Amino acid sequence: MAATGPLKSITIDGFRSTLGWQAVTTTGSAFIAAPQSIADAMAAAVNAEYRPEEDGYFLDCDGFPTPKFGIGRNVYQVEGYNFMITLAEYKCILALYGMDGGAFGPSWILGAPFMRQYCNIHDMKNKQIAFAKSLK
Numbered sequence: 001m002a003a004t005g006p007l008k009s010i011t012i013d014g015f016r017s018t019l020g021w022q023a024v025t026t027t028g029s030a031f032i033a034a035p036q037s038i039a040d041a042m043a044a045a046v047n048a049e050y051r052p053e054e055d056g057y058f059l060d061c062d063g064f065p066t067p068k069f070g071i072g073r074n075v076y077q078v079e080g081y082n083f084m085i086t087l088a089e090y091k092c093i094l095a096l097y098g099m100d101g102g103a104f105g106p107s108w109i110l111g112a113p114f115m116r117q118y119c120n121i122h123d124m125k126n127k128q129i130a131f132a133k134s135l136k
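Read in order, the letters of the sequence shown correspond to residues 1 to 136 in full-length UniProt numbering.
Misleading hints may appear alongside valid ones.
Unchecked claim - Calculated pairs, DSSO-like style, for lysine-lysine (alpha carbon to alpha carbon, straight line, at most 30 angstroms):
1. K125 / K68
2. K68 / K91
3. K8 / K127
No wet-lab data here; the hints were simulated from the structure.
Nothing here was measured: the structure is a model prediction, and the numbers come from that model.
The task is simple: from the sequences and hints, build the whole structure.
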């Protein structure tokens with residue numbers, strides 16, 4: 001099941017954007033997808049290097065960047081252990097990719113890294129969605 005709604009802001013390390021976008025939560029993506037320019041800026045803020053041949057943002061595993069998503073009146077922080085994937089002893093990849101969907105569909109996909117951190121509560125009667133911190 002997927003839910004769509006407004007994403008007001010994104011913050012990670014020294015980067016912050018408050019452009020406002022439509023976002024969808026879904027179990028259908030193992031990563032978080034963001035507009036290309038935002039994904040590039042987020043990666044730069046945590047010193048991740050984009051490798052086109054592997055289509056990913058790579059970084060050392062010694063830090064755990066924690067993006068914060070402003071949704072509604074709340075801020076939801078995704079812990080580094082959900083936002084990074086360890087590939088080798090000292091190399092990690094951000095669970096993030098850039099996409100440009102034009103004017104169709106959501107600008108963000110909050111996939112598995114977000115959904116591991118927060119349970120999605122769908123209130124069909126009141127047509128709203130809420131998030132609750134996972135117990136782990």
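Outcome of the hint check:
1. K125 / K68: holds, 29 angstroms
2. K68 / K91: Holds, because 23 angstroms separates the two Cα atoms, which is no more than 30 angstroms.
3. K8 / K127: holds, 19 angstroms
Violation of the numbered hints given earlier is absent; every hint is satisfied by the structure.
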